[in-house]
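J.: Since chain A is already given, all that's left is putting chain B on it; use the hints.
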Amino acid sequence: MGWKKVQYYQNVIAVLFSICLHLSWADRTFTKVYEPVSSTAACFKRLNGTHEIGCTSSSRGDVGVLHLVEDEASLQWVLKEGPHSPYIVLLYPEYFTREHILQFQDSGRVNGVLMLKEKGNNSTSLTSFSTESSCPNQGFGIYNTSSSKQCQKWNAPGNHLLLENLDFPIFFIYNDTESQKLLNCFETFNRPINGSAREWPLCASQLRSFMLAAINTPTCLRRSSVFSMNPGASRVCDPLGDQNIVASLFPKNASETYENNSVIVIAARMDGASLFDDINPSADSSISGLVSLLSIMKHLGNVREELRNGQTQSALKNVYFMLFNGEAFGYIGSSRIVYDMTQANFPFNLTSIRYFIELNQVSASSNSNKNATYFIHQSELSQSKELTDLLQKTGLDSNVNMSVVTSKNEMGLPPSSLQTFLREKADLTGVVITNHEEEYRNKFYNGIFDDKEKIGFVYGDKSVFSVQQNIAGLSAAVANSVIELLLASATGSSAPPPQVSPDLGTVDELLHCYLESANCSIFRELHGQNQMTKAYATYVGITRAPNSMSQVTSLVVSSYLGSIVENITKEDECWKLQKDKGYYWMNGSCYDTILINTTEAKSPAFLVDNYDWASGKYSTWTESVWQTLSVRIFIKPSLLHEILTLVSGVVMLVVSFVVVAKVNEKAELIFPTRYEGYLPVPPD
Amino acid sequence: MTVMEFFGCTFIAFGPPFAMFYYTIAHDPIRIIILIASAFFWLLSLLLSSIWWAIVTPLKETLVFAVVSSVIFQEVMRFLVYLLLTKAEGGLKRVTETNTSLVDNKHVLAYVSGLGFGIMSGAFALINILADSVGPGTVGLRRDGDSPMFFVTSAITTLCFILLHSCWNVTFYAGVDRRNYGLIAIVFVSHLVASLLTLLNKNHLYWVSILPNYFNLILSAWFAFRVAGGRLKLEDIRRTGLPPVTLNVAD
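Going down the list, the protein sequences come from chains A and B. FYI, our numbering numbers position 43 of the first sequence as 43, with every residue one higher than the one before it. FYI, our numbering numbers position 185 of the second sequence as 185, with every residue one higher than the one before it.
A couple of the hints might just be wrong.
To be verified - Below, simulated EDC-like cross-link-like pairs (lysine to aspartate or glutamate); rule was C-alpha separation at most 20 angstroms, straight line:
#1 K153(A) to D427(A)
#2 K666(A) to D28(B)
#3 K662(A) to D28(B)
#4 K87(B) to E75(B)
#5 K385(A) to E453(A)
#6 K117(A) to D176(A)
Unchecked claim - Taking beta-carbon pairs under 10 angstroms as the criterion, some of the chain A residues facing chain B (in silico):
#7 K32
#8 I635
#9 I643
Derived by calculation from the structure, the hints in this document are not laboratory data. From a predicted model like this one, the values you see are computed outputs, not experimental measurements. A virtual CB, placed ideally from N, CA and C, is assigned to each residue, including glycine.
The shape of chain A in the complex, shown without the other chains (with noise of 0.2 angstroms):
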């Protein structure tokens, strides 16, 4: 994400200086003393109403010599034992620990973290990495302070580091050659040899990623605003949000209005976090809950036609599907629509909500001959039989076990959406779905590390067990169960309801989309030009900045849920009727998406008078803007080279002015005035 935050005038002369550069770039002396370090990402910063959390360096950026902690010895010499400290740790993922983190914290010897990939290939050698706290969310779901449920450790593995302010550097190296540099680097220069320690010159590094803004989020706004004499440049932190995308199975009608309990939400999150900045898979922690909604949409769409003309005498009105995004910074983009719901800026307000559907983390890949069970979580106050009786059906169907997590649960309701919603309305009727019954069974949850080899996807493999067709299965179940639902007061319906069957091959590809490359055929298509081979960052970014991911996302739903306008085969005219129907084109014709909608996702702190930003009250997450993140090594001379080479230029400094006023004075005498001009001989 840093390209954002570069003001535009650095980037000008940035430009103009790497124009120089290149003009003169033949052999620089500072090639000659740095070395870059590329694919690197930071540690930045992120504030709330009261604190600030996350990385900063001082401006100028913070140098230590390199060490690699990789056994006790040596984590001990970083803390202890070396002579040389400041260090910048390099370390493997399992030594980011949170004690270790700490330990180098108090020890005051350290200057900065690189942490490097795990050693060779072997990813499986990391068994839990999560940044995240162990009870995600805390504080901004249904449970106040004074109930055990409002820390529960569903994140076991989690650390809380992403919520730690920590007072030095961190950057992840994510490459390898990169990383063989660094370790190169300290191979040959700084390892100690026999438990002693090398001399000078050694192996430093210096990490930038100064940070500008301080303290907690009202003090970086009204810093932000204080000084803006032109618009943006002064910015020092931005609020954390993007779009939340919304979308409804039939048209509605603007005068229409729902009636208490006539619609379905199926919901689901589509952003991850992590630590580090553009590097969070989120694999488990929200792909799959997106990729299995996404296929729910692409079933139902299938049905439309059937479910409308069947439902007329029904009391479900509607399907609406609801994305959100920023969850998972205090449930940014659910709080938005609960807000908008209470003041009457959305299609229907809370009390229209008959069921509400969310998919949490639902990967699973079983590998015994059994099927995969999912568990649904019900708030005590809003158990429905009926749904979870009918989601267990479904399941059957569609290979899937459904197991109804027990109302007594001393768990309570894991961290989702529909705490946000239950929390404005406590008996709304809601189920979660997850692949878990107590703690995660995502060990990576938030992390850099959850990505697809965590969840055991493997592009195109569909056999019987795999994740892909799980989330198949489960889409199918709940596909299926709101077909039923939609259909069961119709009466006098002599068609059969239509039945979905699980789609492998959609969540096969959008999988690989969202975990692999975006540049896949569906990405490609809808957005009609090649994308990055990379995927997407779950992150949701900041509200000033669109987020690639939510984007794309919006695209598919509108190919899944908008239907061809036939008559309009030409790109401009599609365009020209943008504004006025929601035409857009793409993947070669003209979709009307008037049924799907983005809402903003930015957290209702920022629109409230007078908000207390103390009261917890909705999430109060701002980014710290930065200028330049950037990681190098080089040769650190000793201090006694330095003062060496210091005094004897002010030794020759000044022999030479005494030599020089010495030699002046007898000018007259070394050099014998006579005249040699090349004039006559000037008359005295």
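T.: The following block gives chain B in isolation, referenced to the frame of chain A:
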């Protein structure tokens, strides 16, 4: 390069020239003008060298070619400065009525413009390096013979060239003046040798180029000293009282 190294190297390279400037030039505006003028001519030679380098594409990679042609350009410019100063002598004489040493002793003129030549070449040689390497590190990361002494040796070489230019200028002007082409040849050869020796730096043989160059400096200084009519009679110099003089170089 660290801040301490930066100042150390700057003082090493520019300390002696600064002292020379302070005592022998700074007091006389005309000398400053001449210094700047000759510095400008050195810049012209750099411009011509780079144009020439850019035009003759096939030899771009051959550093020797660039060095040799640059030496030729510099010597041509040195000659042009001489011509200019000769032409300007009448005018100079008129404006320096109070202080006649400048036009009376033309070696002073040669020395001043030589120092201007040297300072500008030194500035270009070293400031690129100094400015380019601000930060906490020093040379040596690549381990292929790059020495941590890189900056210091660069500074020492730069100093050598600044002083060499002053000496060459005195010898060169005397040579042209007396139609003694031998002196001009000595300057040219000395300059060529000094510049070509620096090519050894490419192979990190810093001291192999610095030591001969300082020997070269001693030789050139001796030549300059001789042609300027210098004499070293220590007992004269040790005597405290100066003989009555009519002209005083140091004001």
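J.: Next, verify each hint and record whether it holds.
T.: We went through each hint and held it up to the structure:
A C-alpha spacing of about 25 angstroms is found between K153(A) and D427(A), which places the hinted pair above 20 angstroms, so the restraint is violated. Straight-line distance between C-alpha atoms of K666(A) and D28(B) comes to about 19 angstroms, which keeps the hinted pair within the 20 angstroms bound. For the proposed pair K662(A) and D28(B), the alpha carbon gap of about 19 angstroms is at most 20 angstroms, so the pair holds. Simply put, K87(B) and E75(B) have alpha-carbon atoms about 19 angstroms apart, close enough for the 20 angstroms limit, and the pair holds.
Annotation: proposed proximity of K385(A) to E453(A) is violated, straight-line Cα distance about 36 angstroms (limit 20 angstroms). Under the criterion of a C-alpha separation no larger than 20 angstroms, the hint pairing K117(A) with D176(A) is consistent with the structure, at around 8 angstroms. Interface restraint check for K32(A): the shortest CB-CB distance to chain B comes to about 5 angstroms, inside 10 angstroms, so the restraint holds. With its C-beta approaching chain B no nearer than about 4 angstroms, I635(A) sits inside the 10 angstroms limit, and its interface hint holds.
About 6 angstroms separates the beta-carbon of I643(A) from the nearest beta-carbon of chain B, less than 10 angstroms, and the hint is met.
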